[in-house]
Every structure is written in structure tokens, then in C-alpha cells.
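J.: Each chain, letter by letter, is given below.
There are 2 protein chains.
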Amino acid sequence: MSGFKYALLQQDSDSQARRGRIYTQRGEIDTPAFMPVGTLGTVKGVLPEALKEIGAQIILANTYHLYLRPGHKLIQQLGGLHKFMHWDRPILTDSGGFQVFSLGELRKITEEGAAFQSHIDGSKHLLTPELSVEIQLALGSDIVMVFDECIPHPAERSYVVDSTNRSTRWAQRCRDVLPKGSQSALFGIVQGGMELDLRKQSAEQLQEIGFEGYALGGLSVGEETSLMYDMMEYSLPLLPTDRPRYVMGVGTPENLLEGVARGCDMFDCVMPTRNARNGVLFTSFGKVSIKQAQYRDDERPLDPDCQCYVCRNYSRAYLRHLYTSKEILASVLNTHHNLYYYQQLMAEIRQALENGKFTEFCRDFYKKREVLTS
Amino acid sequence: MSGFKYALLQQDSDSQARRGRIYTQRGEIDTPAFMPVGTLGTVKGVLPEALKEIGAQIILANTYHLYLRPGHKLIQQLGGLHKFMHWDRPILTDSGGFQVFSLGELRKITEEGAAFQSHIDGSKHLLTPELSVEIQLALGSDIVMVFDECIPHPAERSYVVDSTNRSTRWAQRCRDVLPKGSQSALFGIVQGGMELDLRKQSAEQLQEIGFEGYALGGLSVGEETSLMYDMMEYSLPLLPTDRPRYVMGVGTPENLLEGVARGCDMFDCVMPTRNARNGVLFTSFGKVSIKQAQYRDDERPLDPDCQCYVCRNYSRAYLRHLYTSKEILASVLNTHHNLYYYQQLMAEIRQALENGKFTEFCRDFYKKREVLTS
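Protein chains in written order, with the numbering used here: chain A, 1 to 374; chain B, 1 to 374.
Where hints are given, some of them may not hold.
As the list makes no split between identical chains, a pair holds if one copy fits it or if it spans any two.
As the list claims (entries may be wrong) - Once the Cα atoms are required to be at most 20 Å apart in a straight line, the calculated EDC-like pairs of lysine to aspartate or glutamate come out as: (1) K357 <-> D162; (2) K291 <-> D121; (3) K44 <-> E327; (4) K73 <-> D297.
The set of hints was computed from the structure by calculation and includes no laboratory data.
Just so we're clear, the structure is a prediction, and the values are computed from it rather than from any experiment.
Let the hints inform the model, and build the full structure from the sequences given.
T.: The structure is reproduced here in C-alpha cells:
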């Protein structure tokens with residue numbers, strides 16, 4: 001593995017928060033960072049140029065979906081995912097595990113891997129650690145994630161033990177199969193459910209294998225938010241300080257802030273994009289459901305404090321009109337705004353860290369919402 | 001009416017084709033021109049900035065749809081349609097007649113106007129010439145169309161006689177109700193079905209009333225293409241040379257070329273936008289149905305001769321993938337390309353006219369398709 005490096009630029013003195021920078025062959029990523037989700041080789045409704053304008057330095061793509069449609073071999077043949085989707089900045093790919101395990105009845109786990117049936121046509125497949133890495137490399141991923149099991153919550157301790165141990169063995173197989181000198185970084189994923197000792201064991205064993213970065217998996221799976229924060233607080237300090245730390249599938253703006261405070265560098269979540277398509281928009285004063293009748297004749301921008309393309313040029317009334325009329329531009333504009341909100345939030349967090357004002361930033365963040373929504 | 005002017009720049013010597021320029025308070029329109037359709041205050045899937053990049057100098061908005069949703073009074077209160085949809089170039093509004101008459105059972109015509117039920121909620125409305133103009137002015141339309149009946153085809157001559165006479169009386173009522181000194185131009189619409197003498201009578205009577213421009217209505221309603229061309233060929237020369245001529249609801253690239261050859265200056269049609277959403281794309285070698293399996297691994301741009309954003313950055317394989325995956329970006333990219341194709345066609349037609357090469361252009365246009373599709 002070459003071309004991948006993490007530089008810790010600044011450690012906050014009042015919290016675990018830290019500012020850093022990831023260097024890849026396809027560009028730098030300032031951390032803490034949020035990665036928009038581009039499931040099928042497109043961040044739904046947003047052009048790559050708009051993603052750049054918004055400030056996205058990396059996006060996430062889903063191995064499971066691209067494996068089934070249009071197929072990793074086709075994408076490889078066409079020059080890789082970056083070229084296919086016209087995105088030249090870094091791409092992190094998940095391992096496909098999360099989607100496969102979400103299939104419930106349609107999948108079966110063995111030591112070898114996870115047998116599953118496609119949600120599209122019912123065809124049968126076996127996803128193994130080796131195949132997962134093969135797919136991710138074929139896509140041309142800059143950051144490859146190990147194949148692991150995302151343990152449901154709640155779960156019996158005995159199941160968590162077995163699953164976590166298996167995920168560690170799978171992580172080793174992923175490490176073994178990634179060619180030396182690959183341009184792609186490989187991240188391990190800490191599992192262990194909500195069991196502290198198993199989280200610790202997982203974190204330690206993964207570090208023995210050695211990865212370019214470490215993620216926390218199995219969070220945001222239905223547990224109480226306070227428990228998720230506790231797991232972050234306990235697990236993140238178990239990871240090496242000289243590698244990026246990524247909490248997978250998280251979360252709300254509040255979750256990001258709390259994750260950063262506990263030492264996380266990277267996040268991804270469908271929340272800003274999926275919510276946008278459902279007309280739920282993030283603002284400096286909290287969430288807005290744009291379909292509400294109160295916005296019918298509201299000529300103000302969605303968020304007067306927001307400098308995004310949407311807030312500079314359109315009214316709440318227009319956004320409501322587009323949404324209630326089921327216009328394509330509703331998804332386009334709403335997603336643009338929500339992703340801008342997320343990127344802007346991360347940029348402000350980084351700025352606050354740089355200025356040594358992260359604690360004040362958090363306080364103001366919560367205060368503003370209280371004032372404006374009361 | 002002020003601020004509106006048509007300048008005939010060049011009359012082709014071998015055909016009725018002509019090059020001109022329309023001046024409005026919101027900018028110039030080079031003719032022959034194609035107007036993208038933005039039914040509900042948005043050209044589906046295309047941002048206003050992209051429309052400009054594509055070269056659109058004017059768009060069309062639908063009075064019927066905007067009257068029902070979100071309502072012309074709301075749009076007026078919010079500063080007009082241009083501000084509402086963030087489009088500062090000219091907008092032509094139709095009269096709502098075409099949509100109302102398309103409602104079939106749901107509408108009833110009297111001398112006063114057309115009573116109809118909303119296709120959205122079944123509510124009852126009466127659209128009159130006066131209300132149509134009122135709505136269009138409230139929207140802030142730059143070019144207001146008279147309220148008329150689009151006669152179905154085929155139709156009994158007696159019906160065509162009655163309808164055409166009524167449409168002429170309605171046109172007079174529209175003229176009467178448009179305030180002197182309005183910034184909006186008013187266009188008359190020649191009806192008369194497929195009856196030559198009635199077309200002539202309509203054209204003459206409308207000119208007696210006097211309008212800033214003249215349209216041909218009631219074409220592209222299911223008649224043979226050759227009959228449509230015959231009607232254009234007969235009717236367009238009946239109109240004054242110093243006013244723009246607009247054939248409504250037309251058409252295919254071939255139709256535009258043939259319309260220009262017969263003296264038409266303006267066109268509108270949902271074809272490029274609607275086809276795009278259905279995966280049917282216009283190219284220099286004819287139509288392409290992008291969902292076809294042959295494009296699965298086709299790394300070429302959709303149209304190698306096209307310089308649009310889509311053809312510069314994406315492959316046929318990617319466009320097929322987006323379409324078969326029902327991704328939002330499929331509509332966005334497909335519509336962008338199709339509209340570019342239409343705008344580019346008109347630009348090339350204008351250039352050919354300027355160079356005195358229109359006849360050659362038409363010959364090459366047809367020849368290229370023959371060669372490339374054979």
C-alpha cells in the first residue's frame with residue numbers, strides 16, 4: 001500500500017476531537033470528514049461537479065449494489081468506478097457485508113462467507129472476504145473495507161463472541177488477499193456488539209493484523225443514542241492515534257458532533273441524501289419538513305444562514321411546490337442543500353478545532369437550535 | 001406593449017426559412033428558436049444554470065398547471081414566475097386551453113369559456129379568455145398566448161367553423177383585456193383545423209385584431225406528418241413577415257427543420273424532455289433507446305459528435321446503468337443531453353441560414369442519418 005497517509009494535525013485539549021488530513025493518490029481529505037453515499041455509482045440527484053462545489057472530498061460507494069448492478073467486472077472493464085461515474089476524488093467502498101446481513105432470511109453465514117440471494121432477481125451468490133476485496137479493487141476503491149458481520153442489536157453475548165471472532169478471521173483474510181504495494185488502503189472494522197471487552201479484544205486483534213485505518217462497525221443499529229456515544233467513547237481511544245478512525249453509518253448532525261468529540265475522523269450516512277428525497281431538510285435551527293403548509297407562501301430561503309446554491313436562489317415556497325408536485329428538481333435541490341449542510345458542518349468543526357474553540361462551537365451549536373426552535 | 005420587437009435579419013432565398021431576433025425586456029431570442037417546456041415552474045430535471053449553458057434563451061410554462069398548482073396568485077405574491085423558479089430570461093406562457101381541452105369528459109365549452117374539473121382534485125373551474133390573460137400576467141409572462149380551442153383531428157367541418165370563429169372572438173377578448181403599455185407581448189393563434197379556407201380566414205381576422213406575434217395551433221394533433229407540413233406551408237405565408245411565427249407543440253428534429261423551411265421562427269415541444277425521462281435520446285445519427293442491452297458495456301459517449309456536458313463526461317454504459325437503475329441522474333443527464341441536442345440543432349440552422357447554406361444543411365442532416373443508421 002502506497003500513497004495513503006494520515007497526518008494528525010491537531011489534538012483538541014478539552015476533548016478527544018482531532019483535526020487531521022488523509023493523503024491519497026486521488027487527493028486529500030480534511031478530517032473530521034463526512035462522506036456522502038453514492039450507492040449505485042451516483043450520489044442520488046447530485047452531479048459530481050456539484051459534489052465538489054459542496055466541498056465533498058470523498059464519497060462512499062456500496063460494494064453489494066455495484067456487484068449486482070452493473071457488476072464490478074463491467075466497471076473494471078470500463079476503467080473503474082471513478083471514470084464510470086465521472087468522479088476523480090477518493091472513493092471509499094464498504095465491504096458489502098452490511099447490505100448482505102440486512103437481507104435477513106435471504107442470507108446464511110458460514111466460516112467461508114455469506115451466501116445470499118439478490119434482492120433484484122433472487123439469484124444466488126456467496127460473498128467471501130476474498131471476493132469482497134476483489135470487487136472493491138476491481139471498482140478501483142481508494143479505501144477498501146474488510147468484510148465483516150454487522151451484529152444486530154440486541155444480540156446474545158454468545159452470538160457476539162462468535163461473530164466478532166469470525167469477523168476478525170475474515171479481516172485477516174482480507175489483509176492477506178490485498179496485494180502488497182496496492183494503491184488502495186485497507187481499513188479494519190472493530191466489532192464486538194455492545195460488549196466492552198469484546199470491542200477491546202476486536203480493536204487489539206485488528207491492530208495486530210495491522211490496517212491503514214480503523215472503523216467502528218455495528219453502531220447506529222437501533223441502540224439508544226447514549227449507548228452509541230458510550231461505545232464510541234470507549235472504543236475510539238483503543239485505536240492508534242496515527243491512523244484515521246471511522247464510525248460507519250453515522251449519523252445525525254448531533255451524532256457527528258458527538259462522534260468528533262470522542263475522537264472520530266470519518267463518517268458516512270444516507271441520512272442527508274435520503275431525508276432530502278423525503279423532503280426533510282437540515283438547517284442551522286433544526287430539521288424542516290418542507291411539505292408543511294406553513295411554507296406554502298414563505299418567500300424566505302430555507303436557511304437564511306446557509307450560503308448554498310439552493311438557499312441563495314430559491315424560496316421555501318418554491319421548494320415546497322417542487323416537493324408536493326413530485327418534481328425531479330425537488331430531490332436535486334433538497335439533496336444539494338442537505339449535503340452542503342453536512343459538509344459545512346464538518347468544515348466549521350475543523351475550523352473550530354483549528355482555532356481551539358471546539359467546546360464553544362458545540363455549546364453554540366446546541367444553543368442556536370434551542371433558541372430558534374423554541 | 002413595449003420592449004417587445006421582432007427583427008427579420010435574413011430571408012433564405014431557396015426556402016421560406018428566415019433568421020431573426022426577438023427583443024424583450026428580459027433578453028434576446030435568436031430565431032428560429034426552440035423553447036424547452038417547463039410545465040410546473042421547472043424544466044423537469046434541469047437547473048436554470050444548465051438551461052443557460054445549453055443555450056436556451058426562452059422557456060415555456062403551462063398556465064393550466066400553474067393555475068392549479070401552486071396558483072398564479074401565490075406566484076404573483078412571491079414576485080412572479082421568473083423569481084419563483086430562478087430564471088431571468090424570457091418565458092412564454094400558453095393559454096391553458098390546450099390542457100383544458102385535453103381533459104375530454106371533464107370539460108365543457110361555452111361562449112364564455114371552458115368549464116373544467118381539475119385533474120388533481122376534481123375541483124370545478126371556468127377558464128375564460130379574460131382569466132387566462134389574468135393568470136399569464138400574474139405569472140409575469142413575457143409572451144402571453146390568446147385563449148383558444150385546439151381542435152381535435154379529425155373533426156367535422158361544421159365544428160371547425162364554429163370553433164374557429166369562437167377562438168377568434170376569444171382572441172379579441174384577450175386583446176381587449178391586455179392593458180395598454182403592458183410589458184407582455186400577446187400572440188394570436190391561427191386555428192381552422194385542416195381546412196385551408198378556415199386557416200386563411202383565421203389568419204386574416206387575427207391580423208385585423210393585431211398581435212405582436214402569430215402562432216399556428218391545432219397541429220401535431222394526430223394528423224399525418226405530410227398534412228402537418230402542408231398546413232404549415234399554406235398557413236405560415238399568410239402571416240405578416242415582420243412578426244414572429246410560432247408553430248405550437250412541434251416537434252421532432254425533422255419537424256423543426258421542415259417547419260423552419262416553411263417559415264416558422266419558434267417551436268416548443270415536450271418531446272426532448274419527456275423522451276429523455278423515458279430513456280430515448282436524440283443524436284446526430286438518430287434516436288437511441290439507452291436501455292438496450294447493446295449499450296451495457298459501450299464505453300463511447302452517447303453521441304461522439306456532441307459537445308454537451310453529458311457526452312463529454314459519461315459513457316453509454318453509464319447512462320444505461322443509471323436508466324435501468326431508475327436513478328435520478330438518469331433523468332437529469334438524459335434531459336440535459338436532449339435539450340442540448342435541440343438547442344444545438346437550432347443554432348446550426350441559424351448558422352446555416354446566416355451562411356446561406358440552409359438547403360445544404362437540410363440535405364446533410366438527412367444524409368448523415370441515412371449513413372449512420374444503415
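J.: Determine for every hint whether it applies to the structure shown.
T.: Do the hints match the structure? See the list:
no.	hint	verdict
1	K357 <-> D162	neither (43 Å within a copy, 78 Å between copies)
2	K291 <-> D121	between (35 Å within a copy, 18 Å between copies)
3	K44 <-> E327	both (14 Å within a copy, 7 Å between copies)
4	K73 <-> D297	between (50 Å within a copy, 10 Å between copies)
Hint 1 from the list above is the single one not met by this structure.
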